[in-house]
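Engineer: Chain order of the listed sequences is V and P. In terms of our numbering, the first sequence opens at residue 5 and continues consecutively. In terms of our numbering, the second sequence opens at residue 864 and continues consecutively.
Everything labelled a hint here was simulated from the structure, so no lab data went into it. Think of the CB as a built atom: it goes at the ideal place given N, C-alpha and C, for glycine as much as any other residue. Be a bit skeptical, because a hint or two may be false.
As the list claims (entries may be wrong) - In silico negatives: residues of chain P with every beta carbon more than 12 angstroms from chain V: (1) Val873; (2) Val879; (3) Arg904; (4) Gly936; (5) Ala937; (6) Ile943; (7) Ala1097; (8) Asp1098; (9) Tyr1145; (10) Arg1233; (11) Ala1267; (12) Ala1287; (13) Thr1309.
Claimed, not checked - FRET-style restraints, in silico, Cβ to Cβ: (14) P/Gly875 to V/Pro48: 50 to 56 angstroms; (15) P/Tyr1251 to V/Arg30: 51 to 57 angstroms; (16) V/Val60 to P/Gly1240: 33 to 39 angstroms.
Unchecked claim - Pulled a few chain V residues facing chain P out of the computed Cβ check, cut under 8 angstroms: (17) Pro27; (18) Leu32; (19) Phe52.
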Amino acid sequence: MSDSSSDVPRGLVFGALRGGTAPQRRTLAFIFVVTIAGVALLWPVYPFVPSIEPYVLGLPFSFAWVVGWLVVVFGALVFLYRAEEQGPEGE
Amino acid sequence: MEAWVVILLVCGGYLVLALGLGVWSGRTVSKSVTGYVAGDRTLGTLVLYFVLGASVFSSFAFLGAPGWAYSRGAAAFYIIAYGTVGMVPFYFLGPRARRVGEELGFVTQAEMLAHRYDSRGLSVVMAVLSVVVFVPYLTLQMKGAGFLLSTISEGHVPQWLGALVAYGVVLVYVFASGMMAIGWTNTLQGIFMMIVAWFLGLYLPFELHGGVQPMFEAIAASDLRDMLTPPGLADDGEPWTWAGYSSAVIVSAVGFSVWPHLFMRAFTARSERTLKLTVVLYPTFQLFLVPILLIGFAGVLSYPNVSPADTIVPHLLTEIELSPLLVGLVCAGALAASMSSGDAILHAAASIGLRDGIKPLVSGDMTDRRQRQWIRGLVIVVSATAYYFAVFSDVGIVALLLGAYGGVAQIFPLIFATFYWPRATGAGALSGLLAGVGTNTLFLVTPELRPLPLHEGVYGFAVNILVFVTVSLLTTPHARERLAHYVSFEAERAVDRD
């Protein structure tokens, strides 16, 4: 190595997530929603979702379920972006 | 005039439009490498939205994806599932990469990694990995375009000619205008393919079954009901396993945002805000997969036994009663899907080939002029190679590309650690990446060795992360000055004082 240093922290550094201010809580809430969306689309949750009935907007339920989570993630992204770009700490 | 002539004229009109727009778009940027590769970092939300959208949805969108729905039913929901969460990391990683890129002059993903990990070897490995993945990817797009034009013209245009014309256009505009051509043609192509997808995805179910729900009810009432039950069918027609489905979603989702041709678009954005907004809007592009899958489901009962399954769309187009003008537009939309990925891949392969593969091995500086000549030369070489495989060779390209997903996903831990794990070292990154790609390839080639029926990429991740973390902790960390470009140490100091 051409350069090296001994005072580099060993663990992960999430600059934006430390502490308990509003933007940090918001980011954590966002990550929580996305994680839920991910879990909902995988085993062991997705197998318990009804596969065909009831139909939603003409789609079998399991199909609408996947599309629904895409919409939820979209909503979460919009929420996070609006808050970040309009808040006092926005760039 | 015969129907196929009208169809070809419409497609020809689209090709002329794409060519004109592509060549014209290059006039606004500088003649520098940053201009050619990253559009001088000036792309706005609209163009970037279509670049990210259209680069991802290739000829797979109009051939492979409806084919999945047609033959494997609910398994096709996987394509929507992984994209739902797959783009989210880019909201956090993209703007950080953009900032460092502007500071230090990066235009490719590997340049950033090579700097962060202080490793020229890493950059060359990334270049090789990219080219190995991109050439088959481009080959597949060419095959798709050639196949489409030959089917739709009832064989009057042979496949070799169809691929040659469509990709001749791509070659010319990428050669002439670089990133700006990708941007503006992808905007045209993206709008085109979205309109076509929504039109066809709603028209076909109504025409063939009287509506979307009646179509699914008819499938559910037939002996094919099982195909609508997740996780659908595997490619042998047997029910797919939950382990296979879930792990495939995870690997594809993780890999989604680190595909080199996608990730390097972070460096083209005008501002962090633009890039963030693009990621926020991205799911609206993705919704177009819904009609795409409906197209496939529309064929299930009406046209059984179409083989191979990914020819279902051209098959439907030749069977249904639709004016040749509309068929022409649909065909042009499918061509747009193929070309919008093909151009991005071609441009990325040539840019990465020079910046990460050749430049680090050449001693001394290369002038901007020299670099642009090299990239343009590589654009021609990569096109010719892919065309050779598309037309003259019978090598199993599809299998190669399937393996690529797990391989590309192995880049993710390196990107993540770039911004969040300062302790990660170059030796760790390089050995982790090689171990991950190696493990992925091993289990891809010899599936019978897998301990559990999981996607090979999962095993790649496990080995990758283990090696990456272990080797990093055993080697000396990089200097804080280097790391400070990527990680904010202030937050960590604040915690230390607590």
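Engineer: Now tell me if each hint is right for this structure.
Structural biologist: Results of checking the hints against the structure:
Listed as outside the interface, P/Val873 is consistent with that label: its C-beta sits roughly 30 angstroms from the nearest C-beta of chain V, beyond the 12 angstroms cut-off. No Cβ of chain V approaches the Cβ of P/Val879 within 12 angstroms, the least distance being about 36 angstroms, so the stated non-interface status holds. The Cβ of P/Arg904 sits about 16 angstroms from the closest Cβ of chain V, beyond the 12 angstroms cut-off, so the non-interface label holds. Separation of P/Gly936 from chain V is inadequate, the least Cβ-Cβ distance of about 10 angstroms not exceeding the 12 angstroms criterion.
With a minimum CB-CB distance of about 6 angstroms to chain V, P/Ala937 fails to clear the 12 angstroms threshold, and the non-interface call is violated. Not every beta carbon of chain V lies more than 12 angstroms from that of P/Ile943, the smallest distance being close to 5 angstroms; the non-interface claim is violated. For P/Ala1097, the condition that its CB be more than 12 angstroms from all CB atoms of chain V holds, with the nearest at approximately 15 angstroms. Chain V leaves P/Asp1098 outside its interface by the beta-carbon criterion, the shortest separation being 19 angstroms against a cut-off of 12 angstroms.
A beta-carbon of chain V is positioned within 12 angstroms of the beta-carbon of P/Tyr1145; the least distance is around 8 angstroms. The beta carbon of P/Arg1233 is kept farther than 12 angstroms from every beta carbon of chain V, the shortest such distance being approximately 26 angstroms. Every Cβ of chain V is farther than 12 angstroms from the Cβ of P/Ala1267; the closest lies at roughly 22 angstroms, confirming the non-interface assignment. Not every beta carbon of chain V lies more than 12 angstroms from that of P/Ala1287, the smallest distance being close to 10 angstroms; the non-interface claim is violated.
The non-interface label for P/Thr1309 is consistent with chain V: the shortest C-beta to C-beta separation is roughly 25 angstroms, beyond 12 angstroms. Restraint check, P/Gly875 to V/Pro48: a C-beta distance of roughly 52 angstroms satisfies the suggested window 50 to 56 angstroms. For P/Tyr1251 and V/Arg30, the hinted distance range of 51 to 57 angstroms is satisfied, since their beta carbons lie about 52 angstroms from each other. The hinted window of 33 to 39 angstroms between V/Val60 and P/Gly1240 is violated, with their beta carbons roughly 53 angstroms apart.
Checking V/Pro27 against chain P by beta carbon gives a least distance of about 12 angstroms; that is not within 8 angstroms, so the hint is violated. Evaluation of the V/Leu32 hint against chain P yields a violated restraint, the C-beta minimum of about 12 angstroms exceeding 8 angstroms. At about 10 angstroms, the closest approach between the beta carbon of V/Phe52 and any beta carbon in chain P exceeds 8 angstroms, and the interface hint on this residue is violated.
Hint compliance for this structure: hints 4, 5, 6, 9, 12, 16, 17, 18 and 19 are broken, all remaining hints hold.
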